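Generate the whole structure from the sequences, applying the supplied hints.
Listed in order, the protein sequences are those of chains A and B.
Per the numbering used here, the very first residue in the first sequence carries number 684; after that it's consecutive.
Per the numbering used here, the very first residue in the second sequence carries number 684; after that it's consecutive.
Since the hints were derived computationally from the structure, they do not count as laboratory data.
Here the structure is a predicted model, which is why all the values come from computation and not from measurement.
Glycine is no exception: its CB is placed at the ideal position from the N, C-alpha and C atoms.
Misleading hints may appear alongside valid ones.
Within a straight-line C-alpha distance of at most 16 Å, the following computed EDC-like cross-link-like pairs (lysine to aspartate or glutamate) qualify [to be verified]:
| no. | chain 1 | residue 1 | chain 2 | residue 2 |
| --- | --- | --- | --- | --- |
| 1 | A | LYS759 | B | GLU726 |
| 2 | A | LYS759 | A | ASP788 |
| 3 | A | LYS759 | A | ASP783 |
| 4 | A | LYS820 | A | ASP701 |
| 5 | A | LYS759 | B | GLU728 |
| 6 | B | LYS820 | B | ASP701 |
Residues from chain B that keep clear of chain A, each with C-beta distances beyond 12 Å, as calculated [what the hints assert, rightly or not]:
| no. | residue |
| --- | --- |
| 7 | GLY766 |
| 8 | PRO787 |
| 9 | ALA798 |
| 10 | ALA801 |
| 11 | ALA812 |
2 protein chains.
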Amino acid sequence: MTFVLDPRLAADTHKLGDLALSEVLLMDNALLPWFILVPHVSETELFQLDETQRQQLFDETTALSAFVSNAFPVDKLNVAAIGNVVAQLHVHVVGRRRNDFAWPDVVWGRPEREAYLATTVAGIQARLATEFGSRFKIPGGEEV
Amino acid sequence: MTFVLDPRLAADTHKLGDLALSEVLLMDNALLPWFILVPHVSETELFQLDETQRQQLFDETTALSAFVSNAFPVDKLNVAAIGNVVAQLHVHVVGRRRNDFAWPDVVWGRPEREAYLATTVAGIQARLATEFGSRFKIPGGEEV
Numbered sequence: 684m685t686f687v688l689d690p691r692l693a694a695d696t697h698k699l700g701d702l703a704l705s706e707v708l709l710m711d712n713a714l715l716p717w718f719i720l721v722p723h724v725s726e727t728e729l730f731q732l733d734e735t736q737r738q739q740l741f742d743e744t745t746a747l748s749a750f751v752s753n754a755f756p757v758d759k760l761n762v763a764a765i766g767n768v769v770a771q772l773h774v775h776v777v778g779r780r781r782n783d784f785a786w787p788d789v790v791w792g793r794p795e796r797e798a799y800l801a802t803t804v805a806g807i808q809a810r811l812a813t814e815f816g817s818r819f820k821i822p823g824g825e826e827v
Numbered sequence: 684m685t686f687v688l689d690p691r692l693a694a695d696t697h698k699l700g701d702l703a704l705s706e707v708l709l710m711d712n713a714l715l716p717w718f719i720l721v722p723h724v725s726e727t728e729l730f731q732l733d734e735t736q737r738q739q740l741f742d743e744t745t746a747l748s749a750f751v752s753n754a755f756p757v758d759k760l761n762v763a764a765i766g767n768v769v770a771q772l773h774v775h776v777v778g779r780r781r782n783d784f785a786w787p788d789v790v791w792g793r794p795e796r797e798a799y800l801a802t803t804v805a806g807i808q809a810r811l812a813t814e815f816g817s818r819f820k821i822p823g824g825e826e827v
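Here you go:
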């Protein structure tokens, strides 16, 4: 299949790189560590994936969750596949703190945003590359 | 371990039964089909589970998601582990419709509620029992 990232996801995020099944995106909101996995599939629900792809997506979600928990000062992770606005299947992994702007509410639908500095995005990308090693492919020559 | 369901989850839901790892709860809100899986574990994050338990929880989430999609008229599923208010690990599987009270927003934190009739809850429990067969244990003699 030819995979095309949903334009709204593309506009709202920085692409950090690719795992075996999923693109790893960073929501352009420096207020908290908010990552999104977008598997290269056409289904819109997790349960519709074939077992191999579902397992791979769960594995990537688990690995990304461990990364967010270890790399950032977070009190709780919020892991969710919602897709009411953007139907393309995607999984949010959001690191939450008890003093963040929305706590204890969820972050979806909230307007608070602060754009990242490019150097900060590059730093997060480098940490992901260190953590995931050869499993993580950085887009060759692309600007983050 | 001795598992005790969080009192807030207990107060907000009907217990429908048990799968191998998780209790199956129904949020007491007849406005939309909102199920919650509560695995009998002490960890609070999905990634902290050992691989066997995590796989089991993912399998139960997948099976429950397919059930909700098939048994109710839904346009989208929202599947999420949040836990900002109730830290005990639990996974929401919410069937959404484009004309429900919150669409396209998420349901968490919204006040809209309509209590279920007991007969409706019993009917949902019976459908789960049919779908899951011997994997689904209904609490013996308890009122739903």
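Check: Holds or violated: are the alpha carbons of LYS759 of chain A and GLU726 of chain B at most 16 Å from each other?
Finding: Holds, at about 12 Å.
Next item on the list: Would you check the hint for LYS820 of chain B and ASP701 of chain B, treating anything up to 16 Å between C-alpha atoms as holding?
Entry: 5 Å, holds
Next item on the list: Would you check the hint for LYS820 of chain A and ASP701 of chain A, treating anything up to 16 Å between C-alpha atoms as holding?
Entry: 5 Å, holds
Checklist line | Hinted pair LYS759 of chain A and GLU728 of chain B, Cα distance within 16 Å | finding: 8 Å, holds
Next item on the list: Taking the shortest Cβ-to-Cβ distance between ALA798 of chain B and chain A, state whether it exceeds 12 Å.
Entry: Per Cβ check, ALA798 of chain B is outside 12 Å of chain A; nearest 24 Å; holds.
Next item on the list: With 12 Å as the threshold, tell me whether ALA812 of chain B passes as away from chain A on beta-carbon distances.
Entry: Non-interface label stands for ALA812 of chain B: nearest chain A Cβ at 20 Å, farther than 12 Å.
Check: Is the nearest Cβ of chain A still more than 12 Å from the Cβ of PRO787 of chain B?
Finding: Label violated. Min Cβ-Cβ 4 Å, cutoff 12 Å.
Next item on the list: Evaluate the condition: distance from the CB of GLY766 of chain B to the nearest CB of chain A exceeds 12 Å.
Entry: Non-interface label fails for GLY766 of chain B: nearest chain A Cβ at 6 Å, not farther than 12 Å.
Check: Taking the closest pair, is the beta carbon of ALA801 of chain B still more than 12 Å from chain A?
Finding: With a cut-off of 12 Å, ALA801 of chain B remains clear of chain A, as the shortest Cβ separation is near 29 Å.
Check: Would the pair LYS759 of chain A and ASP783 of chain A pass a check requiring their Cα atoms to be no farther apart than 16 Å?
Finding: 11 Å, holds
Item checked: Holds or violated: LYS759 of chain A to ASP788 of chain A, with C-alpha atoms at most 16 Å apart -> Holds, at roughly 12 Å.
The structure does not agree with the numbered hints 7, 8 stated previously, though it agrees with the rest.
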